[in-house]
Amino acid sequence: MKTNISPTTLKALLTLVFTVFIFSSNLKAQTADEGAKIFKLNCAVCHASHTDQMGTGPGLKGLFERIPKGDWITKWIINNEKLIKSGDLYANQIYTKYNKTAMTVFEGQIDEKGVASIVAYLKGPDPASKVVAQGPVAGGGVEVVEPKGGIEPLYLILGIIVILAILIGAFRSVRTSMQNSANRSEGKAEISEVTFFQEIKGWMRGHRRLVGVFTIIIAFGGMKSCWDACYNIGVYYDWKTQKGYKPEQPVKFSHKLHAGENEIACQYCHSYVEKSRHAGIPSVNICMNCHKGIQKGPQYGEKEIGKIYAANGFDPKTGQYDPSVDNPLKWIKVHNLPDHVYFNHSQHVVIGKIECTECHGNVKEMTVAEQKAPLTMKWCIECHRKTEVIMEGNAYYDRIHKALKEKYAGQYDVKLTVEKIGGLECGKCHY
Amino acid sequence: MSMSKKYWKGLPELHNSPEFQEKAKNEFAQPLPMDEFLSSDEAEQSGTSRRDFLKVMGFSTAAVALAACETPVTKAIPYVFKPEEVTPGVANFYATTFYDGHDYSSVLVKTRESRPIKIEGNDLSKVTHGGTTARVQASVLGLYDGARLRGPMLKGIDASWKNVDDAVAASLVGGNIRILTSTIISPSTKAVIAEFKSKYPSTEHITYDAISYNALTLANKNVWGKSVVSSYDFSKAKTIVGLACDFLGNWLNPTEFAKQYVLTRKVSKEKPEMSKHYHFESNLSLTGANADERYMVKGSELGNVAVALFNEVAGATGNAKVGGNEKISNAEAVKAIKKAADALIKNKGQSIVVSGVNDEGVQTLVNGINKMLNNYGKTVDVENHFNLKQGDDKKFAELISEMAAGKVNVLMTYACNPIYTAPASLKFVEAYKKVATKVSFANVLDETAQMADVVCPDHHWLESWNDANPKRGHYSLQQPTINPIFSSPRHEGTRQFQDSMLKWSGQKTDYLSFLQGVWNNGIFPNQGKFSDFPSFWANALHDGVVKTYIHKDVVVMPMAKDSLGKPVLAGVATMINELVGDSIIKPVAQEKAKDKKEPFEAVEFHPTPDFNKAATMATAIKGGAFDLIVYEKIGLGNGNNSNNPWLMELPDPISKVTWDNYITMSPIDVKAMGLSEMLRQDIIGSLVDLTVNGIKITVPLFPQPGQAPGTIGLALGYGRNAETMKVAHNVGVNAFQFLNFINDTIQTVSGNVTVTKSEGTHKFAATQIQHTIMGREEYLLREVSLSEYTALDKSAWNPETELPVHGGGKKNVKEIDLWDDHPRLNHKWGMTIDMNSCIGCAACVVACTSENNVTVVGKEEVAKSRDMFWLRIDRYYSSDMSKEKASEENVGTKEMYIEMENPSANPKVTFQPMMCQHCNHAPCETVCPVLATTHSGEGLNQMTYNRCIGTRYCANNCPFKVRRFNWFNYTENKDFADFNPSQLELGKMVLNPDVTVRCRGVMEKCSMCTQRLQAGKLVAKKAGMPIVDGAIKTACQQACPTNAIMFGDVNDTESEVVKWRKDERNYLLLEDVGVKPTVSYMVKVRNQEEKILPKDELIGANKHEGKKEETHTEKKHS
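Chains A and B are the protein sequences, given in the same order. 1 is the number of the first residue of the first sequence in our numbering; add one for each residue after it. 1 is the number of the first residue of the second sequence in our numbering; add one for each residue after it.
In short, the hints are calculated from the structure, not lab data. Source: prediction; values computed, not measured. All C-beta atoms, glycine included, are put in the ideal place defined by N, C-alpha and C. Do not rely on the hints blindly, as some may be mistaken.
[Unchecked claim] Selected chain A positions facing chain B (in silico; Cβ < 8 Å):
no., residue
1, L41
2, H207
3, G212
4, Y272
5, S276
6, S283
7, F343
8, A395
9, I400
10, E425
11, C426
12, G427
13, Y431
[Claimed, not checked] With a Cα cut of at most 35 Å, we get these calculated DSBU-like pairs of lysine-lysine:
no., chain 1, residue 1, chain 2, residue 2
14, B, K221, A, K415
15, B, K814, A, K61
16, A, K333, B, K828
17, B, K828, A, K330
18, A, K275, B, K126
19, B, K126, A, K402
20, A, K353, B, K814
21, B, K1033, A, K405
22, A, K405, B, K1022
23, A, K275, B, K1033
24, B, K1017, A, K275
25, A, K415, B, K126
26, A, K428, B, K1022
27, B, K82, A, K333
28, B, K1022, A, K415
29, A, K372, B, K1017
30, A, K353, B, K974
31, B, K814, A, K402
32, B, K82, A, K372
33, A, K405, B, K988
34, B, K75, A, K364
35, A, K428, B, K974
36, A, K405, B, K828
37, B, K814, A, K330
38, A, K378, B, K1076
39, A, K330, B, K1059
40, A, K333, B, K75
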């Protein structure tokens, strides 16, 4: 019997099958993505996902061949302590194997669904290999500056000029001596020595237009290189304030990746911001909290992260530190205040409750850190003029709060700003 | 108010020479070089035309504009591994101990980013009570001294530690080994030496102090049978008699004594009692300057005073008198001895007699007096004795003869510098050359280290582990506050003395473990607070000090060894490192220590002292035309810190001379010899030849009022010839060579001295004499005698200032004002200084220098009145002439004034700390053309350096002359390279990062430690609570050993500073000028019989005089 399937039906059927297929694969991909997110947030600090690289904990390549089947992994991830205490053989085995290093208990943070997505992520392909295969574009629009190789063009040009000058000199003397020997043989008087300078002068007199053009080109080149030099030392878009200063850092660290995509809080790295006048640039050991495990970046692979290891002598293969290595990273300071200004981060963050972004801009979007605020005295003062002091709930301010209320009693719209408590006085910042 | 006394600040003012009068009219000591600049011949001859000038101008403008474009790239370099306790930008404090063989102090060290930047007193210490001295404050700079050795040296060449260890090990085989040290108060270090001794039994340890206190131990042996230095409690004394004893400045433990002394001198209407202090001395010392009654005695007669006082007291108490010379040339002193003796007897058991004369005889007599007065166990204590100053001069002399005979094979010198400090008569240098192997542990190439074969540089005290037992039952710990600065791989590095000794003794342990072993075995069992050693240790380390309640001294012996010969350290090192808090570990040696008998009780006996013999010894020195008394200065002390520019520049509290060593003589003697009396303002002194026991030196002469006629004073600590010590090298002469070795002790008095005029003159750099305060001294100082203070109303001795107003009558100055009042809504900072408590010790001056990055300017600049001190201590002399006396003796007004400026040979001294008064209506603020100095809402006069353009109008307009102009780029200018620490990479590390380093061309002055105020406010805001009174202390207040400075919020009615200000003694300086200072002072009360205030009928005359002043000031205002 011949079954006739109309083309329309076929189309519909095909569409259905295809849709289902796409839908199911999408579903799968979604769980895996979810898993990747959870994994990065909670697990990546200690575990490598798709390699057998040892971090604080073991690498997870081939995990599912090792562990008992069933819901063991769920139990283990959610509360490994409980599992160990329950006397589970494999759990105790690995606990002892890794020197009884306790793993975090994720009860209340990751549920069974979460574990499932992590499993999906771990079973899926290695995202790092994907990145390498796809090239830089996958990293989220990060422009890649190719490392410069070979000789700098400037040196090349200079070298050519020097060689040419030597050649010209040589040819000149050859010419003169040949001419002279010819003259001698002909009995003519020898040509008196014309100096190089005189000759050039003569040549220039004859080629005025060319010389003019050259002069303009050289002058322009000089100005350009001056401009570039200024650019490098921070004379940027805003001459007065350095707003927009965006120096190239020794490590291609991306705030966008760390603070933006991975949502690491500013205070995690700039950890003194609530304690000290300095927010602090993280020491290498803070980087190592994560990068002991995460040894490959999405953009530069091992190259940039390797700079961290070069600083502290960490060998990613063995997981050991070389104690003799001590090469601190030399970051370029973006936000510079003059020496005669005293600024205290903790005062502004803890007492003033100012968000980091108010002065530093949306760092989450910055690939390379950039100075967003002008950092001029005018800028400071403008803010001190309009910002109200949070006096309620802080007994320190009780006395002045009361006094100010009395002083401005009956006046409309008086804001108790920083100015009102002396925030514009010279001696508050200059001493 | 008018005072009948006349004050004068220096001889030029006293003599009122025409030059002085001329100078006094000028604000500036030096004329401004305007004429020179505008019309010098050179300028006329030079071919600089207007066109050239414009060209140069144009170029420099362009250059400046170009340079301004440049923004230097700043790098930020974080740690690789950040130490847990360090937070960049936040200071850490560590409790530790300062001890350099001479001074002791328990301190807190402020560190920023792990570098020590400031020393503060440790309030928990019961030995120093949170006080410090100028030397302790300055010692942090020694850590960053460019002269410090970077590694060991062998025969004058840099070597490695391995080579040095091998060389020393080779030399230790056979022969006599001698270790010469200054007094060691560390039980653990003593144990280390014992360890070394047990390995090399031919070793002997000799203790020698550069400035000897040996007579104290000898006398206590004579009288009590105990070779100890007794402790003293001045706070319990109602009568104090000092015999050439600078116990407030240098003697024994001045920080503690100053604290106690001042407790007896804090008077109030509720407690109108003061101790009475009689003082007999030759040089005008800091203590003499503070005494109620001071008498000048020749150096060779100091023993006679002791004999006379002994006999007076013996006569009154029914004890046997002694024979001996009682002759004293000063008749007033003879009378005073009788008076002092009466007072002592009246306050039996509540009096104290102390002497700084290092003579066994004198000290035995003094002990005898205190014994007759029943002072022992009350004000003097041999039981709770000091462990400081254990030097044995006789043994030292024996060592020298042993060395000279070639019997010493190895001599190790630690914490002493005998080549420099030994008296010339002992011929140490010659003897030293005969020692086969000379090992020095000095951390700079000092005089001894220069001659040594092996130099093993010790760590600086801020890099070391150590402990101290300054007083019986009081222990303190020394912990490193920084990693050794000179260490591998950059340098071969320094190594602690104790580590070297342990190594050479063949011990594998490091000193920290050893130290913990000693504490576990010896000190932990003597306290009853902690049951386990780790918590005891952690607490001791935190507090810095431990007081044990079981009076048992740590037995000095090598550490107990186990069967394998390893020292039993009770496992402490591992214990501490892992801090296993929950398991109590019993120290193994505890039981053993218990069985030991206290060595103290074993030798307990009461000898019968032979006071007659003592009297003979005391009067052994034969005086000549002149006696020389060498003395310790507040700044340099025994010379341990000579290379410290802060101390070199610190003006001597009495003479106010900086960067110099000179002999002091009575102005009477100076005049009689026809030498420079220094009447000129620019104080050019004579050079004289001084010959002592055949040694002749040329030295400048400084006429010093208060110096006993027929005596010469010369300070120790100068005349360093070690070339690497750039700051101190060749400054002054070495006075140690003139120490006198008699009666088996090293004494400071020499009898056989001649002075002759020499060629040439010498320019001094003194700080105060140049500053005139426009004749307003009467409005600056207020003094009253105790009897007047108690009997009279406040209006008599601290009257309100009144000014005549238009239309007749007078008004209180508080009611008259040019300006409106500014309400201080939140804080109103205020400072009050108790002039009764200030002893002039200058600890605050150095503390201020250290806290506020005050720069060192050097002798040349100080001589030009360009010193940079934000805080100075003005020293005023006063005269005996009074209006009262003038009317009695019918002296005319003019003669009276002339006579008023003429001191008695022995002037009274008043100290007054002077810093920016933070005037509420500040005259400096109104004249600043650029608003660089303004007033804050909290009552401070602020200085904004980056606004200042250096017109110096403010300094001209300041009535207190506290503003300092920064003339040069001191941190860069090569002229200051030799002594300005900031010119070295190393020296820069001492700078306080919270305070701007001022550049050239700006005015600077006391900011009232605004950085501390801001930090304190932030702490309070973060905690969400009001500022606790006393939580914020200024640097000067913190350093003060006598609590003379009080600082706080005047708006806080409960604060201590408000309580002080409510006291009747409170007054403001120059109140009639109407500047309304924020700093106030408290009237000084002297416990003297003579009246200070004029009689009633004279008050009218004073008022008349006052009027003159008033019209004067009014004119100024208009």
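Hint check:
A cut of 8 Å between beta carbons decides the hint on L41 of chain A: the least distance to chain B is about 25 Å, and the hint is violated. Annotation: interface hint on H207 of chain A violated; nearest CB of chain B at approximately 33 Å, more than 8 Å. Nearest Cβ of chain B to the Cβ of G212 of chain A: about 26 Å, over the 8 Å cut. The hint is violated. A hinted interface residue such as Y272 of chain A counts as satisfied when its beta carbon comes closer than 8 Å to some beta carbon of chain B; here the least separation is about 5 Å, so the hint holds.
Hint status for S276 of chain A relative to chain B: holds, with the closest Cβ pair at about 3 Å, below 8 Å. Evaluation of the S283 of chain A hint against chain B yields a held restraint, the C-beta minimum of about 4 Å falling below 8 Å. Checking F343 of chain A against chain B: minimum C-beta separation of about 10 Å lies over 8 Å; hint violated. Because the closest C-beta pair between A395 of chain A and chain B is about 5 Å apart, less than 8 Å, the hint holds.
This hint holds: I400 of chain A has a C-beta 4 Å from the nearest C-beta of chain B, less than the 8 Å allowed. At about 5 Å, the closest approach between the beta carbon of E425 of chain A and any beta carbon in chain B falls short of 8 Å, and the interface hint on this residue holds. With 8 Å as the threshold, the beta carbon of C426 of chain A comes within range of chain B, its nearest partner Cβ sitting at about 4 Å, so the hint holds. For the restraint placing G427 of chain A at the interface with chain B, the shortest Cβ-Cβ distance is roughly 3 Å, inside the 8 Å limit, so the hint holds.
Among the interface hints, the one on Y431 of chain A holds; its C-beta lies about 5 Å from the nearest C-beta in chain B, closer than the 8 Å criterion. Restraint check: the Cα-Cα separation between K221 of chain B and K415 of chain A comes to about 76 Å, which exceeds 35 Å; the hinted pair is violated. For the proposed pair K814 of chain B and K61 of chain A, the alpha carbon gap of about 85 Å is over 35 Å, so the pair is violated. Between K333 of chain A and K828 of chain B the CA atoms are separated by roughly 38 Å; this puts the pair beyond 35 Å, and the hint is violated.
At roughly 44 Å between alpha-carbon atoms, K828 of chain B and K330 of chain A are farther apart than 35 Å, so this suggested pair is violated. For the hint pairing K275 of chain A with K126 of chain B, the CA-to-CA distance comes to about 33 Å; that is within 35 Å, so the pair holds. With a C-alpha separation of about 43 Å, the suggested pair K126 of chain B and K402 of chain A falls outside the 35 Å cut-off, and the hint is violated. For the suggested pair K353 of chain A and K814 of chain B, the alpha carbons sit about 43 Å apart, so the restraint of at most 35 Å is broken.
A C-alpha spacing of about 30 Å is found between K1033 of chain B and K405 of chain A, which places the hinted pair at or below 35 Å, so the restraint holds. Under the criterion of a C-alpha separation no larger than 35 Å, the hint pairing K405 of chain A with K1022 of chain B is consistent with the structure, at around 22 Å. For the hint linking K275 of chain A to K1033 of chain B, the alpha-carbon distance of about 21 Å falls within 35 Å, and the restraint holds. Restraint check: the Cα-Cα separation between K1017 of chain B and K275 of chain A comes to about 14 Å, which is no more than 35 Å; the hinted pair holds.
The straight-line distance between the Cα atoms of K415 of chain A and K126 of chain B is roughly 51 Å, outside the 35 Å bound, and the hint therefore fails. Proposed proximity of K428 of chain A and K1022 of chain B is supported: the alpha carbons are some 17 Å apart, at most 35 Å. The straight-line distance between the Cα atoms of K82 of chain B and K333 of chain A is roughly 19 Å, inside the 35 Å bound, and the hint therefore holds. Proximity of K1022 of chain B to K415 of chain A is assessed by CA-CA distance (about 22 Å); at most 35 Å being required, the pair is judged to hold.
The straight-line distance between the Cα atoms of K372 of chain A and K1017 of chain B is roughly 30 Å, inside the 35 Å bound, and the hint therefore holds. With a C-alpha separation of about 47 Å, the suggested pairing of K353 of chain A with K974 of chain B is violated against the 35 Å cut-off. With a CA separation close to 27 Å, the supplied pair K814 of chain B and K402 of chain A stays within the 35 Å bound. Of the pairs offered as hints, the one joining K82 of chain B and K372 of chain A holds, with about 29 Å between alpha carbons and a cut-off of 35 Å not exceeded.
Straight-line distance between C-alpha atoms of K405 of chain A and K988 of chain B comes to about 47 Å, which puts the hinted pair past the 35 Å bound. For the suggested pair K75 of chain B and K364 of chain A, the alpha carbons sit about 23 Å apart, so the restraint of at most 35 Å is met. A hinted pair counts as satisfied when its Cα atoms are at most 35 Å apart, and K428 of chain A with K974 of chain B qualifies at roughly 34 Å. Straight-line distance between C-alpha atoms of K405 of chain A and K828 of chain B comes to about 18 Å, which keeps the hinted pair within the 35 Å bound.
Of the pairs offered as hints, the one joining K814 of chain B and K330 of chain A is violated, with about 60 Å between alpha carbons and a cut-off of 35 Å exceeded. Between K378 of chain A and K1076 of chain B the alpha-carbon distance is near 33 Å, which keeps this suggested pair within the 35 Å criterion. About 53 Å separates the Cα atoms of K330 of chain A and K1059 of chain B, which puts this hinted pair outside 35 Å; it is violated. Our distance criterion of 35 Å between C-alpha atoms is met by K333 of chain A and K75 of chain B, whose separation comes to about 5 Å.
Hints 1, 2, 3, 7, 14, 15, 16, 17, 19, 20, 25, 30, 33, 37, 39 from the earlier list are contradicted by this structure; the remaining hints agree with it.
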